[in-house]
Structures are given as structure tokens and as C-alpha cells.
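Student: Listed below, chain by chain, are the residues.
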Amino acid sequence: MRPTPAEIVEGLEYNLRADLMPELESPWAKRIAGNMLWALEHLKQRLTEEHALAVEENADLRAVLVSASSARGGNAQLADALEGIDLAPGEAREWPAPEELTDENARLRTVVDAIVEAFPADRDAAAEELWREILGYIARQTDRDGTLIEVTPG
Amino acid sequence: MEPETIERLPEILRAYLSERMPEVRNVSIHNVSRSPGGNSRSMWFFDADWEGEAPVSRQLMFRANESTCFRDEEASLEKEYRIFRALQETPMPVPTNYWYERDPAWAGEDFVIRERVEGDTNFRDLSAESQRSILDHFVELLAIQHGLDWEAMGLGFLGAPQDGPECARMVIERWERATKRELLEPQPVMTATMAWLKRNLPTEVDRIVLGQGQVGPGQILFRDDRVVASLDWESGFIGDPMSDLAYLDFMVRPMIGDDAMEGLITRYGELSGLPIRRDNMRFYTVFQSYWAVSACLAAVNRFATGEMRKTQTLVLGMAAPRSFLRRMERIVREDAA
Numbered sequence: 001m002r003p004t005p006a007e008i009v010e011g012l013e014y015n016l017r018a019d020l021m022p023e024l025e026s027p028w029a030k031r032i033a034g035n036m037l038w039a040l041e042h043l044k045q046r047l048t049e050e051h052a053l054a055v056e057e058n059a060d061l062r063a064v065l066v067s068a069s070s071a072r073g074g075n076a077q078l079a080d081a082l083e084g085i086d087l088a089p090g091e092a093r094e095w096p097a098p099e100e101l102t103d104e105n106a107r108l109r110t111v112v113d114a115i116v117e118a119f120p121a122d123r124d125a126a127a128e129e130l131w132r133e134i135l136g137y138i139a140r141q142t143d144r145d146g147t148l149i150e151v152t153p154g
Numbered sequence: 001m002e003p004e005t006i007e008r009l010p011e012i013l014r015a016y017l018s019e020r021m022p023e024v025r026n027v028s029i030h031n032v033s034r035s036p037g038g039n040s041r042s043m044w045f046f047d048a049d050w051e052g053e054a055p056v057s058r059q060l061m062f063r064a065n066e067s068t069c070f071r072d073e074e075a076s077l078e079k080e081y082r083i084f085r086a087l088q089e090t091p092m093p094v095p096t097n098y099w100y101e102r103d104p105a106w107a108g109e110d111f112v113i114r115e116r117v118e119g120d121t122n123f124r125d126l127s128a129e130s131q132r133s134i135l136d137h138f139v140e141l142l143a144i145q146h147g148l149d150w151e152a153m154g155l156g157f158l159g160a161p162q163d164g165p166e167c168a169r170m171v172i173e174r175w176e177r178a179t180k181r182e183l184l185e186p187q188p189v190m191t192a193t194m195a196w197l198k199r200n201l202p203t204e205v206d207r208i209v210l211g212q213g214q215v216g217p218g219q220i221l222f223r224d225d226r227v228v229a230s231l232d233w234e235s236g237f238i239g240d241p242m243s244d245l246a247y248l249d250f251m252v253r254p255m256i257g258d259d260a261m262e263g264l265i266t267r268y269g270e271l272s273g274l275p276i277r278r279d280n281m282r283f284y285t286v287f288q289s290y291w292a293v294s295a296c297l298a299a300v301n302r303f304a305t306g307e308m309r310k311t312q313t314l315v316l317g318m319a320a321p322r323s324f325l326r327r328m329e330r331i332v333r334e335d336a337a
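Residue numbers (this note's numbering), protein chains in the order written: chain A, 1 to 154; chain B, 1 to 337.
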């Protein structure tokens, strides 16, 4: 439907910036208005980007679990450390609803969290490779969150 | 605080000061305004007047316990008040803290009435020369702070490590517990960083000191290129002095450059008599980032659960910790490379 949610948010941002903020006098009120502008811009990013990023994030997590499962199968050190952790990646649905993505993300991240907590401190080469893959996922996840959070109100 | 309490604040303050200062008459309150500074707790500035004499400043501040990010378990207003009171008897410049009130009948929550010191906080926009003068003075004060006899000051209640290794162990246990309590969804970056911290615990600590936790610009008031007040002691702790130095380093180095920062570190070493332990500083650079993100998780929790659904809580919880989060992610990844 037009206008899109993002366009409506832009309208709210405009009124806040052009009509309300110039009328504010106290530093506290100005600060809160600035916070509201940030929240609106963040909301706009969530509306336009979050779904695609969540699909990407879950695919990334599944890839980590596939690697972990493979590494555990061929490495005694990892077999010991990761014993008992369910590394089944699950399957991605073709048209997932936002809530499904969120629930799946929590499940997948919980498994990755468990792997990180159980990971051996002194690692052999195979374990080191998996560790670097996990850190690679973490870097990408930090970037994805950054896309939604590190916004500058226009 | 509830909107009706905020509306009644002048009257609450008048009644409170009248009760606390029975030796004076006709207390009046003026110029009540909310402080735009400080992210963690709500603060109001106000002026007071009265007839008669009392050993209390007429420029005051009301600091409420309501916090966007801290929980009492880690950083209560009462803890901060007790540290301030202890520091008032030392060469450290701190605002006089007059009263800590825990009776909710007054304002619905705990609060502190404190002297309001005149000074500036906007360090970033100063000239390089002014920045250098203020930091030189600050480093002198940091060396003094790290030489204080915290046991004699009655600050053992902050939790005193028995030895060097326990300094780091205590703080990471405290903040790992806080992180697990506040997290609403799994955050592998926090788990990976905690794993890094546990693998890199410093063991050599040359002196167990009173630390401030958050130090330097943003936590100080200055005037005429001198520090006139050290603020925000809610993160105070007993432990490794390299923790404060690491915080100062990562906050200030991007503003003043490597040469000036190294000069400050050297000067701190000379004044304090402590060796500079770079490995400890690196550990605390990561820990301080973990700590900052962890504290902000409480803000996310408060917003999402409806405990404090205000945009200042949202912004503090989500936007404020981003640079810390990126720093710790980068260091943990670099170490694995």
C-alpha cells in the first residue's frame, strides 16, 4: 500500500524536525526530540531492511552449524567438546513470516552460543578453522545489526 | 520518575531541604531544570535559598535512582553516594554529596542531593592546548586516586580482591552474571568475548586500588583548563589500576593522537610509581567494552519488557554501545587471526 510505512515514518521525521524541534527550548526536550528522531530512522531501517537481513542471518547461522557438525565428525577434540549439542541446522522455509524468522534465529543462535561456550581453549588446526568461521559469522552479524542501528537521522 | 512527581519536584525539594536543615527558615526553590547530560540517571539542577546559615551550597542537584542502564546489584545510587562521601575527605575534587534518601514517601524512589559545581563537560570542542592541560591535570588526579587508602576510607564494601588474579576474575564474573540476566536473545558476540576474557585474565597487579570504572572526559567537569570535579562514581570498584588507564586510553587516544596519549601514560606511570602493564590494559580494553555493552543490555531489557519504555532508554540500549561492540568484536577476531 502507498504510502509505504517507511514513507510515513519520513513524514513523522519531517514534522518532528521542521515543526516541533525549533519550538523546543529546554536542552532536555531537545535531547529527547533527538532521541525520537533516531528511533524513527531506526524504525524505517527495520521496516525496509530487517526481513532480508534476518533471512541472511539465519542462512549464515545454518552454514556455521553445518561446518560444526562436519568438524565434530572428523576431529576427536571437537567431538569431545561439542558432544551433546544438537547441530542440526534445520531447513529454511521459502516465505517465512517475521515471527518464524525470529524464533528460528533464537534457536540457531542458542546453538552457536553453546558451541562458543564449549569450545576448547587450546585448539588444534581443525578446531581453529571452525573457530575462525564462527568469528567470521559474528563479524557479519555485527555488521548486519549495524545496518539497522548505526543510523543517522537525515 | 512519574510525571506527577516531576511536576511536584519543586515542592518536594522545598519540603525535603526544610526538614534536613531545621536550623534555617523559609526555604525556597528556583530554576528547577532537567539536566540534559548523563545517560544513566535522571538529574535535575536547582537553586535553593533560605534565611539563616547552613553548611550547604545553594546551587544543588537532585539525582534520582531511576536508571536507564544500571541495576542496583552492579551500580546503585547508594554505592555511588558512599564513594563520594569517602572521596570528600581526600584531595580528589568531587561535588559535596549532602543526603542520600531511601524513603519512597518523598519522590517515589531513592535520590541524592548534591552540590552543583560550575564547569564544562564538552571536552571534544576544546583547543588541543586546553585538552592537553586538562588531561595533564586529570592524570595527576588519577595517580592520586590510585594511591588512596581505600580500606581506611571504608570502601571495602565494594568487594576487595584478595590478590592480583582475583581482580579480573571478580569483575568478569560480576558482568557475565549481569549479561546473562539481561539478555533477551542470544548474543554470540558476548559469549565469544567472555571466552576471550577468560583466556586472557591478567595475573600481575602491582597495587590494588580504588578505580572509577568510567574515567576521563565525560566524567569530569573542568574550568580554566583544570579539572574541578570528578563525576559519576557509580561504576567504582576495587581492583587493577590498569582498568582505568585502559578506559582513558580508548576514550582519549582518538581525540589527542598516539604521541600525546603515550605521553600521558608515561606521566601517569611516573606520578603513580606503577609500571604500565600493556597486557592488562589490553584485557581491560576488551573488558570495558564488554561491560559497557552489558550495562546497555539492561536498557534494552527495560524498554522491551515495558519496565521503562522511553526513547532515551532505547537509544542508550541500542545506539550507545555500538562502538564498544565493534571494538571487542575486532579484538577477539584479530587475536584468532
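Hint data in this document are derived by calculation from the structure and do not stem from the laboratory.
Mixed in with the good hints, there may be bad ones.
[To be verified] In silico EDC-like cross-links for lysine to aspartate or glutamate, where the CA-CA straight-line distance does not exceed 20 Å:
| hint | chain 1 | residue 1 | chain 2 | residue 2 |
| --- | --- | --- | --- | --- |
| 1 | B | K180 | A | E117 |
| 2 | B | K310 | A | D122 |
| 3 | A | K30 | B | D72 |
| 4 | B | K310 | B | E101 |
| 5 | B | K180 | B | E334 |
| 6 | B | K180 | B | E307 |
| 7 | B | K310 | A | E13 |
| 8 | B | K198 | A | D122 |
| 9 | B | K198 | B | D224 |
| 10 | B | K180 | B | D72 |
| 11 | B | K79 | B | E109 |
| 12 | B | K79 | B | E7 |
| 13 | B | K198 | A | D124 |
| 14 | B | K180 | A | D113 |
| 15 | B | K310 | B | E7 |
| 16 | A | K30 | B | E7 |
| 17 | B | K198 | A | D113 |
| 18 | B | K198 | B | E307 |
| 19 | B | K310 | B | E89 |
| 20 | B | K310 | B | E182 |
| 21 | B | K79 | B | E89 |
| 22 | B | K180 | A | D103 |
| 23 | B | K198 | A | E128 |
| 24 | B | K198 | B | D103 |
| 25 | B | K79 | B | E101 |
| 26 | B | K79 | B | D103 |
| 27 | B | K198 | A | E117 |
Student: Against each hint, give a clear statement of whether it holds in the structure.
Tutor: Results of checking the hints against the structure:
A hinted pair counts as satisfied when its Cα atoms are at most 20 Å apart, and K180(B) with E117(A) qualifies at roughly 13 Å. Between K310(B) and D122(A) the CA atoms are separated by roughly 45 Å; this puts the pair beyond 20 Å, and the hint is violated. About 29 Å separates the Cα atoms of K30(A) and D72(B), which puts this hinted pair outside 20 Å; it is violated. Between K310(B) and E101(B) the alpha-carbon distance is near 25 Å, which puts this suggested pair outside the 20 Å criterion.
Distance hint between K180(B) and E334(B) is unfulfilled; the C-alpha atoms sit about 25 Å from each other, more than 20 Å. A hinted pair counts as satisfied when its Cα atoms are at most 20 Å apart, and K180(B) with E307(B) qualifies at roughly 18 Å. Taking the CA atoms of K310(B) and E13(A), the gap is about 17 Å. The hint holds against a cut of 20 Å. Restraint check for K198(B) and D122(A): satisfied, since their Cα atoms lie roughly 13 Å apart, inside the 20 Å limit.
Under the criterion of a C-alpha separation no larger than 20 Å, the hint pairing K198(B) with D224(B) is inconsistent with the structure, at around 43 Å. Between K180(B) and D72(B) the alpha-carbon distance is near 16 Å, which keeps this suggested pair within the 20 Å criterion. With a C-alpha separation of about 15 Å, the suggested pairing of K79(B) with E109(B) holds against the 20 Å cut-off. This hinted pair does not check out: K79(B) and E7(B) have alpha carbons roughly 28 Å apart, beyond 20 Å.
This hinted pair checks out: K198(B) and D124(A) have alpha carbons roughly 19 Å apart, not beyond 20 Å. Restraint check for K180(B) and D113(A): the C-alpha separation of about 12 Å stays at or below 20 Å, so the hint holds. At most 20 Å may separate the alpha-carbon atoms for a hinted pair to count; K310(B) and E7(B) meet this at roughly 18 Å. Simply put, K30(A) and E7(B) have alpha-carbon atoms about 19 Å apart, close enough for the 20 Å limit, and the pair holds.
Our distance criterion of 20 Å between C-alpha atoms is met by K198(B) and D113(A), whose separation comes to about 16 Å. A threshold of 20 Å between alpha carbons decides the hint, and for K198(B) with E307(B) the separation of about 32 Å lies outside it, so the pair is violated. Distance restraint check for K310(B) and E89(B): the Cα-Cα separation of roughly 38 Å exceeds the 20 Å cut-off, and the hinted pair is therefore not satisfied. Restraint check: the Cα-Cα separation between K310(B) and E182(B) comes to about 17 Å, which is no more than 20 Å; the hinted pair holds.
Between the alpha carbons of K79(B) and E89(B) the distance comes to roughly 17 Å, so the proposed pair stays at or under 20 Å and holds. Using a Cα cut-off of 20 Å, the hinted pair K180(B) and D103(A) holds, with the two alpha carbons roughly 19 Å apart. Among the hinted pairs, K198(B) with E128(A) is consistent with the structure: their alpha-carbon atoms are about 17 Å apart, no more than 20 Å. A threshold of 20 Å between alpha carbons decides the hint, and for K198(B) with D103(B) the separation of about 41 Å lies outside it, so the pair is violated.
Annotation: proposed proximity of K79(B) to E101(B) holds, straight-line Cα distance about 13 Å (limit 20 Å). This hinted pair checks out: K79(B) and D103(B) have alpha carbons roughly 16 Å apart, not beyond 20 Å. Under the criterion of a C-alpha separation no larger than 20 Å, the hint pairing K198(B) with E117(A) is consistent with the structure, at around 11 Å.
Of the numbered hints stated above, those contradicted by the structure are hints 2, 3, 4, 5, 9, 12, 18, 19, 24, listed in ascending order.
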